[in-house]
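Each chain is listed here by its residues.
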Amino acid sequence: MSDELALPSLRFERRLVPSRKLNTAVSIFSVVIGLGSTIPIFLLAGVDPLAAFQQVFGVFTTTQGVTESVTRAIPLILTAVGLCLPFKMGFWNIGAEGQLFMGAFATTLIVLMFPAAPSIVIFPLMIVAAFLSGGIWGMIPAFLKSKLEVNEVLTTLMMNFVAILWVDFLVYGPWRDPQGHGFPLTPMFPEQARLPMIPGTKVHSGLLIAIASAALIYFLISFTRWGYEIKVLGESLDAARYAGIHSLILTLVVMFLSGGFSGLAGMTLVSGIVLRLRHGISPGYGYSAIIIAWLGRLNPIGAFVAALLFGGLLVSGDALQIGLGLAFSTVQVFQGLILLFVVGADVLTHYKIRVRLR
Amino acid sequence: MEQIVKRFPGVLAADHVDFEVQKGEVHSLLGENGAGKTTLMNILYGIHTPDSGKIYINGKSVSIRSPKDAIGLRIGMVHQNFKLVESHTVCENILLGLRNLPVVLKLKNAEKAIEELSKRYDLPVDPRAKIWQLSMGERQRVEILKILYRGADILILDEPTSVLTPLESKNLFGFLRKMTVEGKCVVFITHKLEEVMGVSDRVTVLRGGRVVGTVATTATTKSDLAAMMVGRRILFTYERREIAAASPVLEVRDLHVLNDKGLPALKGVSFAVHAGEIFGVAGVAGNGQKELSESITGLRDISSGQIIIEGKDTTGESVRDTIEHNIAYIPEDRIKTGAPQNLTIAENLVLRSYRYPPFSKGLLLQKDEIGRNAEKLISDFNIVTTSKDTLTRTLSGGNLQKLILARELSGKPKLIVALYPTRGLDVGATEYVRGLLLKQREMGAGIVLISEDLDEIVSVSDRIAVLYDGQVMGIVPAEAANIEEIGLMMGGALKKS
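Just so you know, the protein sequences line up as chains R and U, in that order.
Everything in the first sequence is counted per my numbering, starting at 1 for the first residue and increasing by one.
Everything in the second sequence is counted per my numbering, starting at 1001 for the first residue and increasing by one.
Looking at chain U on its own, in the form it has when it is part of the complex (with noise of 0.2 Å):
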């Protein structure tokens, strides 16, 4: 692939990318969140079209534009998010999308032919099997057959280990090394050092859709490819004002809690917050954020560890105790969970306190003193709209945002939990929002913030924790934070206690 470029709305996904892979080897892309990995090998797989430059197979120039296409080139990928129907069989799956089938199908053969190549490869799955039967290393096995009988030499897997125990990915690294004996060749995408420097010949690396390089395993080190992957950066710090230390307002004792398909997502975890502190936690997504933030507001259940407030044991407590204990949660999805969109402004801005006085008597919705506290937030917080009654689906994405933070912070919370705050917005709203959770510092609450943007961890936080696979890699003060040792720990590299 040669001088890739391909530009989304408002990002540069590829910006001039070479990136090469031999007969024979495993190739890993590493990267952070939004690096770009993704983006380019959509685009080898035809997911994507580049908006300029070339890509060569076997040294004859082509052009690739859907998977048909690739397919027919000999490419498979297999996705983050698995792509199988989940009512049929594991034989009807793969023969799924191929063409020149008859109309009747001769499944029995078909059953017979997965079996052998499940065999041959060491990848054991039942063809007769429906697929929701299916662990998710199984479900991966059924992609990577799947490819395999359709006939791939290159084969790119997406973050393949994300869904797996460790035996399976020890499993799935024994049958990569298999494939690339057989002169067939693997792009691994991935973010974890461990497995690049296990698994991989050569790396290449991203960052912010370019390449920063592309070194062999066995010529660089973990400490190395975690520069790489980070980058050194111009960093600039807000202005801080110095709080006295002050007794922690959240204490996280060995937390273990599971994740929505029943496995572990946090393994362990255990840190204090102060008031007057904003506690940074750093990390790729997916290791573990989600549920760390919604056990501590209540919304997901613990499986052991404790969850003090204030020197208050407050584990177990539900959405409405935290909301009690006005603990602020500024959430991931706005959208469905921060502020439906078919409810008004005015309503939205109640979504947590409705049921409290002033905006409930009993039963009564206090409709007046819900319209003046719109009004007031509103105004407050400059939310651009035409009117309180006004649907919350017209707002834009800083307005959305806006309203979320108004009804968080306006309760004066003595914690607040903010899940990747800054998403998706542009630079005014982002420091916007940086600005009003370092005026809560000031006002003395302790703030989580969680993030995948590790400009804005090192900049705004007091201290900053580095989440990798459900475990605390290391806790380390702002001031002192060094940057490669915390790219270090988010690729599961450094472990300091």
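Extracted from the complex, chain R is given alone in its bound form (with noise of 0.2 Å):
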């Protein structure tokens, strides 16, 4: 017998383009794998994998389902296609949770101080004060790399701390309702400044602000001269300086822009879904935009899909709680593989594998 290991060796190449039947199909097939992988999971949770599946296979056929996921995705959306942005150009912006919160801030801050405002008043306060918190907040780490050449990861990543708390500050203390028991939340907001549904649906119309931010961004990245000094600055700084690009005014621009979006997110969040600011207004939606723009390939489109999808699979995880009484690590189990198989597929797309037997 041979002592020598028949083991087949693995060489990645690049493919030069990707092609788009391809990414599909690579989409589908991750999924596919992924749910099976699951398989074991449910069996040890003593659970019939085909129920299982039939609960999350609910969520995107029924009316119901597909409606919470929308739902859902609307403040993933938004984070994600504003993250598309600076991860273009170069530039990690993990900090999109603390620019959804200041946001979530700022809406509430109109709505305090302006009551009795009507709906046509008070609607553009709010998207203009929750855009410029938003922004203001991720232009400083800008300003900070830029200037200083502080990391952008560590300030977007910490001062995402300081919104939370900020918030926190607020509802445990000047902002919290008399009449709320001790909870830490702001009184309901007035009929009018909530954001009303979308006639013959039963989701709020933060989806149609969703979607006009996608196509606003996809605009921007596609047609306008200024998406292709981001693709340049992406590139290297060098070509940029050398293309005569101002680095320091574009990154900051991004940076508002995105954090603009991710401070809409808060808005429709505060406004659309909770109705009042409180304590933990995400489960840290900003952060699962990062997966979600790069599963869209920084493409706004491609991460309004893949938001859909999330939203979706958060969803799944509520069903498969409520209808099978499955443990809240289990469900994170379950959405955990189906992610890392979507993105491990990523590598399939982008290089070929060969593999040789030696």
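Think of the hints as simulated: they come from the structure by calculation, not from any bench.
Just so you know, even glycine gets a beta-carbon here, dropped at the ideal spot from N, CA and C.
Worth double-checking, as some hints may not be accurate.
To be verified - Only some residues are given here: those of chain R computed to face chain U with a beta carbon under 7 Å:
hint: 1; residue: F223
hint: 2; residue: T224
hint: 3; residue: R225
hint: 4; residue: Y228
hint: 5; residue: E235
hint: 6; residue: S236
hint: 7; residue: D238
hint: 8; residue: R241
hint: 9; residue: Y242
hint: 10; residue: A243
hint: 11; residue: G244
hint: 12; residue: A345
To be verified - Heads up, simulated BS3-like pairs for lysine-lysine below, C-alpha to C-alpha not over 27 Å straight-line:
hint: 13; chain 1: U; residue 1: K1412; chain 2: U; residue 2: K1336
hint: 14; chain 1: R; residue 1: K88; chain 2: U; residue 2: K1336
hint: 15; chain 1: R; residue 1: K231; chain 2: U; residue 2: K1336
hint: 16; chain 1: U; residue 1: K1367; chain 2: R; residue 2: K88
hint: 17; chain 1: R; residue 1: K231; chain 2: U; residue 2: K1367
hint: 18; chain 1: U; residue 1: K1130; chain 2: U; residue 2: K1170
hint: 19; chain 1: U; residue 1: K1112; chain 2: U; residue 2: K1068
hint: 20; chain 1: U; residue 1: K1439; chain 2: U; residue 2: K1376
hint: 21; chain 1: R; residue 1: K21; chain 2: U; residue 2: K1367
hint: 22; chain 1: U; residue 1: K1130; chain 2: R; residue 2: K147
hint: 23; chain 1: U; residue 1: K1023; chain 2: U; residue 2: K1261
hint: 24; chain 1: R; residue 1: K21; chain 2: R; residue 2: K231
hint: 25; chain 1: U; residue 1: K1361; chain 2: R; residue 2: K88
hint: 26; chain 1: U; residue 1: K1083; chain 2: U; residue 2: K1178
hint: 27; chain 1: U; residue 1: K1261; chain 2: U; residue 2: K1222
hint: 28; chain 1: U; residue 1: K1336; chain 2: R; residue 2: K147
hint: 29; chain 1: U; residue 1: K1495; chain 2: U; residue 2: K1267
hint: 30; chain 1: R; residue 1: K147; chain 2: U; residue 2: K1261
hint: 31; chain 1: R; residue 1: K231; chain 2: U; residue 2: K1361
hint: 32; chain 1: R; residue 1: K231; chain 2: U; residue 2: K1495
Hints given; two lone chains; assemble the complex.
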């Protein structure tokens, strides 16, 4: 017997042009394999995998499931499409979560200041305030990076905690609802400051803001010279300087927009779903958006689709918990596995794998 | 070292080189860029292994396969770019890589030993300081201490003065003398004639991978050495049509500029370039060439002095201004600066003009125009590619440079700054690039051609300036150029006003 193992060797070869057909095929394939990999988890948890898949399937086929998925996706879409801009530029904005909280804060501030203003006045004010405060929150790390070379991963990440704790301070302190039985939340928003449902559906009109934002960013990236500048700066700072691009201004503007769209996500949360500001307004949408933006290949349309699927995945988790009584941690394993396969399969679209038998 | 041969793809870096160093001497290795100085010493230090040839230490034949072997043979090398861990202390850096260290370091003892060593050789440095806090001169002392701590008898210093201030250089030379008194030997790689004459006992001159000769410094002169370094070349000049003298396109007056490390890179440079003239700037790389090209093209801030374009003072203008003044720039780094790799060819062909009509209207990019421009330039400049939408990283070196030239030269520039435009290109591509520059000259552009290839400078330029240590050593007309004189200027031994 030969003692040499006949292990095949794997070689990764970069594909010059990833094809669109292949992308679709790989995406579908990875979801199927991912679902397959969760079977042992369900069996271990004592649940019939078929029943579990039925629950998940239901989320994507019933009106109620789709409605909930879309609703969950709205803040994800806004944060993720906003992240496409800085990521394309090579600016690692990990701060969407904080920018979202600042948007939620500013929205609430407007509502508290003008409790009696009619919708037609208060909505534009809320949108502008949310966008401005999220945007300014995003510009601070951009400025620090461009002027002082402070690593943006650290600043954007740390500023999340500042923003979250700032909101906590308000809802535990000065803004706490006196009739709230001591819970850390503000009074409910008045009727005219709540985002109305889109007629004929049970999805709030934040979806329209999300669609418009995705379309706007797609337009910016693909058709303006500004998108071109972002691409060049993302490639290399030296090339950008050579091309006469003012990197400081570009970075500031990009981070203002990125933070602004995250701010809008915060606005849709407080005025579309929770209808007040409270502790823990976002369960980490700003972080999930990082994965979503990459899944969408930093293309706003791609990120839009990925966010919808991600919303579905979140709702599937709820369905598994409620419908089959699965523990939250089991559900997280399920979600994690699906994501792992989808992200991992991305390699296949960029690299050919050559298997050679020795 | 006997009959050392080393081939790299496309070049013979060491061609049957014989080289010897004796105990107690400082031996200089002199030559232009690419003469093979560093390669030869990297072979001695075990970084490269020779294709053939033998190395003897103290008369014994040895095989050096890695720096570890070299250190074992008491050979130490200070590289041009220091290899230190910035966030560690001096002491930790010196201990790094030593074998037989105890699991728990007795840093106190080591620090003491280093302090003694640094006192003995007059190399003041605090063993507890972190590397990032130190100046370049101090870092070099750390590298030298590292070698001494390991116990070296043969010290190799690769262009050690390129990062030093004049005072630091003087101290270094004093130290080298001290080493030789102790019977150690020093190999000193340099291109500066002054230093060769000042510090070394003997000198070996390399050119094109071959030894031109080894002489005692007492038996030679700077001009002899310069002649050996640049050689008597067979020059063939390109057909150049005479062009009537015109007004200057570019005037540089008393330019002072700092390099990336904040040290003076240009120290009062003045010259003028006329329309229809190729102004060659010769010199060994690292003497201010990059800074000169960047200050003319708006990429680098100027400390003092003036830049005048067509009679108008443009000092302090931005890159965008220089683009609008129609100044073309062919940068040194093609991949990271000249043509970013993940842009398509069409996108790269408008890298510096995308914001102007017809490629932009307001904020909107005109993709049709950009595509049409790309198709025209691809065929005009014979860029070999499958399509204009192919990613730039698929292009070969020569085609990449063609792309950059196509973009920079298609707009009828009035001034062209070309930094090492033929570096790394094969013969065919080199000829093509030179031909294009000559054509631009005939069309009336003023051209600043910065090159380390002396043949290139002499054969295409109208006038030649030599840059050494941030200063212009002299400007001579190409017809009257005396190659030995240029060699002296490149080595800093001659200055003509």
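Evaluation of the provided hints:
Interface restraint check: R:F223 against chain U, minimum CB-CB distance 6 Å, threshold 7 Å, status holds. Annotation: R:T224 was flagged as interfacial toward chain U, and the flag holds, the nearest CB pair being 5 Å apart, inside 7 Å. The interface hint given for R:R225 holds, since its Cβ lies 5 Å from the closest Cβ of chain U, which is under the 7 Å cut-off. Taking 7 Å as the C-beta contact cut-off toward chain U, the hint placing R:Y228 at the interface holds, the least distance being around 6 Å.
Given hint, R:E235 at the interface with chain U, holds; its Cβ is 4 Å from that chain's nearest Cβ, closer than 7 Å. This hint holds: R:S236 has a C-beta 5 Å from the nearest C-beta of chain U, less than the 7 Å allowed. Residue-level restraint check for R:D238 holds (minimum Cβ-Cβ distance to chain U is 4 Å; threshold 7 Å). With a least beta-carbon distance of about 6 Å to chain U, the hint placing R:R241 at the interface is held under the 7 Å criterion.
Contact between R:Y242 and chain U, as hinted, is supported at the beta carbon level, the nearest pair being about 5 Å apart and thus within 7 Å. Interface restraint check for R:A243: the shortest CB-CB distance to chain U comes to about 5 Å, inside 7 Å, so the restraint holds. Hint status for R:G244: holds, given a least beta-carbon distance of 4 Å to chain U, under 7 Å. Proximity of R:A345 to chain U is violated relative to the hint, the smallest CB-CB distance being about 22 Å (cut-off 7 Å).
With a CA separation close to 25 Å, the supplied pair U:K1412 and U:K1336 stays within the 27 Å bound. Distance restraint check for R:K88 and U:K1336: the Cα-Cα separation of roughly 17 Å lies within the 27 Å cut-off, and the hinted pair is therefore satisfied. Under the criterion of a C-alpha separation no larger than 27 Å, the hint pairing R:K231 with U:K1336 is consistent with the structure, at around 13 Å. Note on U:K1367 and R:K88: the hinted pairing holds, with a Cα-Cα distance of about 20 Å set against a maximum of 27 Å.
About 15 Å separates the Cα atoms of R:K231 and U:K1367, which keeps this hinted pair within 27 Å; it holds. The suggested pairing of U:K1130 with U:K1170 holds, with an alpha-carbon distance near 25 Å, which does not exceed 27 Å. Annotation: proposed proximity of U:K1112 to U:K1068 holds, straight-line Cα distance about 25 Å (limit 27 Å). A distance of roughly 19 Å separates the Cα atoms of U:K1439 and U:K1376; the hinted pair therefore holds under the 27 Å criterion.
The straight-line distance between the Cα atoms of R:K21 and U:K1367 is roughly 25 Å, inside the 27 Å bound, and the hint therefore holds. The suggested pairing of U:K1130 with R:K147 holds, with an alpha-carbon distance near 25 Å, which does not exceed 27 Å. Note on U:K1023 and U:K1261: the hinted pairing is violated, with a Cα-Cα distance of about 36 Å set against a maximum of 27 Å. In summary, the hint linking R:K21 to R:K231 is supported, as the alpha carbons are separated by about 25 Å, within the 27 Å threshold.
Under the criterion of a C-alpha separation no larger than 27 Å, the hint pairing U:K1361 with R:K88 is consistent with the structure, at around 23 Å. A distance of roughly 24 Å separates the Cα atoms of U:K1083 and U:K1178; the hinted pair therefore holds under the 27 Å criterion. As the CA atoms of U:K1261 and U:K1222 are separated by approximately 31 Å, the hinted pair breaks the 27 Å bound. Restraint check for U:K1336 and R:K147: satisfied, since their Cα atoms lie roughly 22 Å apart, inside the 27 Å limit.
Restraint check: the Cα-Cα separation between U:K1495 and U:K1267 comes to about 14 Å, which is no more than 27 Å; the hinted pair holds. Taking the CA atoms of R:K147 and U:K1261, the gap is about 17 Å. The hint holds against a cut of 27 Å. A threshold of 27 Å between alpha carbons decides the hint, and for R:K231 with U:K1361 the separation of about 19 Å falls inside it, so the pair holds. With a C-alpha separation of about 47 Å, the suggested pairing of R:K231 with U:K1495 is violated against the 27 Å cut-off.
Figure legend: structure checked against the earlier numbered hints; hints not met, in rising order: 12, 23, 27, 32.
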